[in-house]
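Colleague: Sequence:
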Amino acid sequence: MDGLLRALIKTVRRRMRADEELTVEAVTKELGYTRQYVSGRFHRLTGRLLSHFLKEKRLEKAARLLKNGNMRISQIARRCGFDSENYFRQQFRERFGMSPRQFRANGTLRALTAPKISVQPQVA
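Just so you know, the numbering used here puts 224 at position 58 of the sequence shown, and the rest follows in order with no gaps.
Treat the hints as calculated values from the structure; they're not laboratory data. Some hints could be false.
Said to hold, decoys possible - 27 Å max Cα-Cα, derived DSS-like pairs, lysine-lysine: (1) K233 <-> K176; (2) K195 <-> K176; (3) K195 <-> K233; (4) K176 <-> K223; (5) K195 <-> K227; (6) K221 <-> K233; (7) K195 <-> K223; (8) K221 <-> K176; (9) K227 <-> K176; (10) K223 <-> K233.
Assemble the whole structure, with the sequences as input and the hints as a guide.
Modeller: Rendered as structure tokens:
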């Protein structure tokens with residue numbers, strides 16, 4: 167695996183555990199590279215947009231908070247980096263096929279396993 171990609175994934179995991187901001191700007195600044203460089207390299211290596219990968223990770227974190235706690239949905243949205251609760255609800259529904267409220271009541275953490283975002287290098 168590419169060294170930058172490995173460092174990026176390590177940084178994302180650490181920031182998630184530390185409950186730190188998980189944005190392209192924050193991650194690339196910590197890595198010491200420009201947003202354009204890291205985003206471009208990530209896209210070339212994985213075929214995915216870095217911003218989509220990070221949003222996926224933030225939604226996974228939100229799902230865990232919904233299942234493992236009693237925080238209000240608006241608090242979870244903010245804690246996971248979504249400025250708009252409506253946008254959070256829309257993105258959550260798109261990712262998990264149900265609203266955050268429905269997920270809390272009926273969902274399972276198995277939903278976190280699909281669809282996965284591959285960070286493996288693309289084969290040309």
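Colleague: Evaluate each hint against the coordinates.
Modeller: Going down the list of hints, with the structure as the test:
no., hint, result
1, K233 <-> K176, "holds (25 Å)"
2, K195 <-> K176, "holds (14 Å)"
3, K195 <-> K233, "violated (31 Å)"
4, K176 <-> K223, "holds (13 Å)"
5, K195 <-> K227, "holds (22 Å)"
6, K221 <-> K233, "holds (19 Å)"
7, K195 <-> K223, "holds (18 Å)"
8, K221 <-> K176, "holds (16 Å)"
9, K227 <-> K176, "holds (16 Å)"
10, K223 <-> K233, "holds (16 Å)"
Hint compliance for this structure: hint 3 is the single one not met.
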